[in-house]
Each structure stands twice: as C-alpha cells, then as structure tokens.
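> Protein chains in written order, with the numbering used here: chain A, 1 to 182; chain B, 1 to 410.
Some clues are possibly wrong.
Claimed, not checked - Some chain B residues close to chain A (C-beta under 10 Å, calculated; not the full set):
1. 40
2. 169
3. 214
4. 215
5. 217
Keep in mind that the hints were calculated from the coordinates and are not lab data. Positions of the beta carbon are idealized from the N, C-alpha and C atoms, including for glycine.
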Amino acid sequence: MLVEVALIAAIVVPVAGSPPVRAFVGALPRTARLGLILFFGLVVYGHLADSPYRTFPFVVWWMYGVEKSPHVVEYERYTGLTSMGHEELLDPQRLFPSLGQNRISVALREALHHVDGGSRDRERAQAFLLSLGRAHNRATSAEPLRTVIATECRVPIEDWDPGAPHSCREVLRVEIPQHGSS
Amino acid sequence: MTLLHAEGTPEVRRAFTVWICGLWLVRLWMDPLIDLTAIPVSEFSPVGPPGWLPRALEIHLLEPGVLQFLWWSSVAALVCILFDRLTSPAWLVAVVGLTTIQSIVRGFGHINHAEVCLLYAVYALALTAGIERMAVRPANAALQALPLVMTAGALSFTYSLVAIYRLSHGAPAIFTSGSLVEWMVESSYAPVGWHASLGAMAATTPARWAVAMSFPVVTLFELAAPLCLILPRFRALCVPVLGFFHVATALSMNIVFWESFALLPLLTTFPRRFAPVPVGSAAPPVIFFDGVCGLCNRFVDYVIAHDRLAILRFSALQGDAARRYLGPDAPAEASVVLMDEDGTHRRSDAILRALARLGGVHAAARLISLVPRALRDRIYDEVARRRYRIWGTTATCRLPSPEERVRFLS
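Chain A on its own, in the form it takes in the complex (with noise of 0.2 Å):
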C-alpha cells in the first residue's frame, strides 16, 4: 500500500502542481473544484481499497498485475450434443452478449473450478449450463440441444508444444428438460 501511495504521488503532485492545471483549476468554479477533486478521490480511493465489488464504479485497476501462477495454461470448452447426437460449440459471449468482455466466461471458469466443492458450487455450474443450452436453443431454429458439456483443457506451459493434444477432461454436463418434461 505504502509503495502505491509513493508511485501515486509521485505521478499526480507533478502534474496536478504544475503550473497550466493551478492555473486551470483556479479559473473553474468552486463547485466545480469540488467535484474534480471529489472525482479524482473517489477514482484513487476505489484503486486503494482493493474492494470493486463496494466500490465501483470506482475500481481497482490490476489488469495483468500479478505474475500467473500456476504455469499453466488453462481453457474450457463448452459443446452442446442433439438428440441426433450432432455435436455444437457454445460461445458463451455470442449467447450472452451482455455479459461480453469475458465477463461470462470468468464467471464460468469460477463456477466450474468449484464443481466438485459440494452441492451448492455443483447447483451454480450446472446452473450456468443449462442457462448456455436455453440461450442456444432459443437463438437457434435448428435442433435443439438436449445435453450441454463443460471440458476443462489444462497445458503445463514449460512442456507447451502447440502441436500436441492437449489434456482436457469433462467437467460436467447437464440435460436441458425438454418442453413436457419435468
């Protein structure tokens, strides 16, 4: 925290002092003094804290910020099976294009990786499927899916040749309950 605050003050005292922004900030109103620094306080308290989900709009900004551990290299694969048996890769972002950036597919990963820590993480993944297998269902006038499958791919990077098969294991899977049946 104390390195943070010296890296924050050693980039907005320079700038913020110099003397183009007094000279600005002093022609502005009072109130709009105010809610510019208010805004600013408020942008580096969220940084701070360290809590997004408290504090945002106002957030923590850590993207790629600490070394990734374990070295390995880690995918799912969603693949939804018809009645037929003809096999159809689930984008999780095309079927929720609300929840795009990758903000499905983290909360995908997450539900997944705790399937196996009792009823309750298993009820959230199998959850999580069976919304993938409706959405799809209801984009598509093609067959219907019946089964959704989660595979979990993991590639140790030291080994990592991108040639090879990589090791992937099914993780769970869900019956999508047909129209008539419970």
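Following the hints, complete the assembly by docking chain B onto the known chain A.
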C-alpha cells in the same frame, strides 16, 4: 507548458458530448440486457451502489420489465442529450441508468474495466452541465473545458494506476516470469468467436522475447501517461505506444478495450479540430451552389438555418458573382463549391467543410472527412448525377428573402 484542452469552447464540448453519447449508444446496442433474464437470479449480485440494496429488492433488477426500463430510459436520455432537449434531467437519468446497467452486467462474478472510463466521461459531462445550470454567470472557458480535461485526466490516470498496481504487486517477477506470454497463449484458446490467435503463434517464435521485453516498456509509458496532459513531446510518443498496446492486445489476447481506445484521441489535440474556425477581417467563406437544383437549394436553406453566426455567404453558380470569383472555368457540372481562406473546395470537400463551419454536432463532418476523398467523391458524384431526377429543379435561380439578401452575393 500548457494544459491539454484548457481552452474550452462550446463547440468542442458539444462535439465531445456527441462522441461520448454515440459511444454509449453503440455500447447499449451491443448489450441488449434482456439476455440476462436467462441466467439464474441466484448467481446475480450487482456491484457498487445497486449492490447496497436489500437482497429482496436486488433480485428484481433482473426482471425483464426493469431491464427494459433501464435500457430504454438510458437510450432516451442519451438521445435527448444529443438533440439538446431536457438536458438536465437527461444527464441525471444517463448517470443513474448507465451506472446501474454497468453494475448489473458485472453482477455475475467478474468486474472488468472496459466501460469504466466511458462512464467517467458521462460523470464529467453531467457534473459540468449541473454546475452550469446552478451558476449565475455563463460558463467560462475553464468550465467549458472541464469535461475534456477531467476525462483525459481520468483516462491517463487509470493507465497510470494499472502500471502502479503492476509495479507494486507484481514486479519484478511479472516481467521476468513470462506471464504475459502465458496469458497470450491462454487467450488464444478462447472458446469460439472472433479472435486472431496471434498470441499462440507469437509464443512459438522469437517474437515472444520482443513481447516479454515490451511489457515493462509499455508499463513505464502507462505509468507516465498523465504527463500527456502537460507535455506535448511526451504525448507524441506515449499516445502511439498506448494505441499500439490496445491493437496488440486485441490481436494477441482477444481483449478489445475499444471503449478506452476510442477515448485515446482525448490525449491528443485532436478535439481542437472541432473548435470553430476564427473569422477574421478577410472575405467570408462563400458557398456557390447550383441555383436551379432542388437538393442544392435545400442544402443552402439548411446551412442558413444553422449558421447562427451568419458566417457563410452564398451565390448561385449560374450568377455573375460565381464567374467573378471562380473565373470563366467555373465548373458547370458542380452542384456545390466552397471558397474560403484555404482556397476553393469542390464536391464532398465543399459539403463537409461548409457543415463543419456550423459548429456543434455538425463538427462530426470533420470525422467524415477522414474517409478517403476518392470514396467520398464517388458517393457525391452518384448523388449529384441523380439530383435533378430525385429532388427536382426550379425554373429560375433561387431568390433570397429580404432577410437573407445581405448574405447573398449579387
């Protein structure tokens, strides 16, 4: 040393408002919200102020009626602002609506940063509009400049915060462990959808060393980004680096922060292009138009109605003034020609330059002028060729009304 955007004008602020509202309308078009009703409400926990609501109320945010109300009210507020109608309540609705929407879409387990600076831009514009409404005196240049300075400051400062977090929590291991290359590889395996997968390709070639080395360099530029506000030379170096960083992450990691990318011109002098062209004592700009063409006459009517400072003058191409100013080789086939302090402009250039002089929302014409002239002129020619057939002709040249007469060259 000068502060970027410190000399504010209503035209630049208006252009900035149009830009921000336009970006938000695109964002809302991409986020229909109604798709969220398919996700179990048990997984939902809104972040920020809506998350302070009791759980019993919180879950109602995902009801179709509530989501549609939020979406439509935000769109309506942005449209009102764009058309300068009911702006004070519209800004309030935009701030509440957009903040709530962004809180909801982050309520499923992941808080990303894509739209956050765009939200800050709305706060800056709303704050300025609110102060202006409360103030007794008209807005001075500093207040006109406040939304741009505040947003540019917030944008550059958030870059800096990213670097500060990286340096204080991850350095030096994050720069030496090859984490960036690993993230690139991981992102390349994104389930489906558009992605260039350049990350995985680059990771197998010596390019990975260039990537690894560029990481600390980009971090240093991010750290110093707020200096863009006061140091023009640093700005000329930093903005291309940040722009390159956005393009590179899009191509190699499938992370498209287009909202921040779209705000990057704020860290340059680009918005100054929207300031009105100063009118000196030299001859005012003149629009020469085809006096018998229905479309050209409508264009002239439009320009007269929106040229509040009455800067522009007009003359029919068929008149003596056109021959006097443009010479005997005045183009008979041209429908509009503009003559100003920069010279004589024809075809699409004439239209766009004339519109840009009207200020306000018309300043967007300067953006269109970034389209290659060959393409613009091609469209112009197609319209010009059909102008008589579609918009008709008049038997005689347009006669100005008594009020307009002073603006028409004889």
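> Next step is simple, just say for each hint if it's right about the structure.
Results of checking the hints against the structure:
1. 40: With a minimum Cβ separation of about 4 Å from chain A (threshold 10 Å), the hint on residue 40 of chain B holds.
2. 169: With Cβ-Cβ at 5 Å, under 10 Å, it holds.
3. 214: 13 Å, violated
4. 215: 8 Å, holds
5. 217: 14 Å, violated
Of the numbered hints given earlier, the model fails hints 3, 5; all others are met.
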